[in-house]
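Protein chains: 2
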Amino acid sequence: MMITVLRLGHRFERDKRISTHICLTARAFGADEVVFDVRDERVEDSIKRITDEWGGNFKVNFTENYKDFIKNFDGVSVHLTMYGLQVNDIIREISDKVNERKNMLIIVGGQKVESDVYFLTDYNVAIGNQPHSEVAALAVFLDRFFNGKELVRKFNGKIEVIPKAQGKEVLKNHSDFSVLRFKDFSLSFRIFNEIFCILFVNSLLHCLLNKVLYETVFLSVFGEVF
Amino acid sequence: MMITVLRLGHRFERDKRISTHICLTARAFGADEVVFDVRDERVEDSIKRITDEWGGNFKVNFTENYKDFIKNFDGVSVHLTMYGLQVNDIIREISDKVNERKNMLIIVGGQKVESDVYFLTDYNVAIGNQPHSEVAALAVFLDRFFNGKELVRKFNGKIEVIPKAQGKEVLKNHSDFSVLRFKDFSLSFRIFNEIFCILFVNSLLHCLLNKVLYETVFLSVFGEVF
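First to last, the protein sequences are chains D and A. Numbered per this note's numbering, the first sequence spans residues -7 to 218. Numbered per this note's numbering, the second sequence spans residues -7 to 218.
Just so you know, these hints were derived from the structure itself, not from any lab. One or more hints might be untrue.
Chain copies aren't distinguished; within one or between two, either way the pair holds.
To be verified - Derived BS3-like pairs: lysine-lysine, alpha-carbon spacing no greater than 25 Å straight-line:
1. 156 - 104
2. 51 - 160
3. 146 - 8
4. 59 - 156
5. 63 - 94
6. 8 - 160
7. 89 - 8
8. 104 - 203
9. 104 - 8
Assemble the whole structure, with the sequences as input and the hints as a guide.
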């Protein structure tokens, strides 16, 4: 199954942060990509940085013609709008349809979505019929769709959070030498940890070098003596 | 029960839109007020406009000392953070506690929340342990807390959306003379509707005037003739 979010009406001057929140929410709640109808490299870059660090295969893409994109989408298309049918009433039907057809396109817009969109999609779904936020709507829709299972999905990133009742704990996957745990609050502890790792790797390298020197130089010179 | 959202770390230059989304989400998902630690009248004004039109008693307030505000809060305090315990595991316990103690304080911050906050609150709760959005976190937390019932709550506003499979339909409560239904797409229909109402009220007033004239002038002059 592939879940695509189509973000309409991004305004370059005003929407960088909201669009970034939409992308991060899409990623964290189980979508595979966000497609924009306006290119904004600032958003693409900041999402790429997060994905590099926190893992997953999430992508940000771009379409020149969003109406064709909706029409040609192979799967179930769902437009999130406060004017649509209540999510409570329709989510089961949508889940069944997506299980049949495999892919889902979720369309989120700003305040001014063209009226065509309401008629191009399979479903118009409201996360409540009050004005609020496309970020909130996307999060709740995906949470309902996945029944909360999206929140425990593994991303296999360089960093991973260990859930804690108080404070912060992060698992840092140093792919180069080891797996470290450190408490984010304690800078001194973190520095100590890093120094320890450097010394540890350093010692390993020394051992290796000694072994090589011993086997090549020492044995070839004094080997026959002993 | 009273639900307060405390929004920390609002930056005047950057956060107007995100903070507005937080307020709208809080309102739409059943909270009673948002309290800021930084005053921003632009956010307050835009939320007031929405509440005037769409109904409810939602308020935006301000505290000078958010740590005292958390310490003195009479109820259960929940800090939403990606480092906290998974919402899936803890939401039932929180619901039970809030049912006992009546009030709930939900704390949402930006990227840099002071470490004290993690130890001042009763719960640190993660809506997934990936980085995403405080708007998304607040929406999903409230949706889980209310089990989706918040989405069908009535706000008794001047406007109300009629959920529709396609297009938009709005119920406009003209408190002055009548309740009108119009389709938002059709401007001509809306204008016709308004004119019809004006004519209707006009006719009513004419009838009333005629009745008064008949009873006072006509009857007093010609009453005895017939």
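Going down the list of hints, with the structure as the test:
no., hint, in the structure
1, 156 - 104, "between (41 Å within a copy, 18 Å between copies)"
2, 51 - 160, "neither (28 Å within a copy, 32 Å between copies)"
3, 146 - 8, "neither (27 Å within a copy, 33 Å between copies)"
4, 59 - 156, "between (45 Å within a copy, 21 Å between copies)"
5, 63 - 94, "within (16 Å within a copy, 49 Å between copies)"
6, 8 - 160, "neither (28 Å within a copy, 28 Å between copies)"
7, 89 - 8, "neither (33 Å within a copy, 39 Å between copies)"
8, 104 - 203, "neither (70 Å within a copy, 49 Å between copies)"
9, 104 - 8, "both (17 Å within a copy, 19 Å between copies)"
In summary, the numbered hints that this structure violates are 2, 3, 6, 7, 8.
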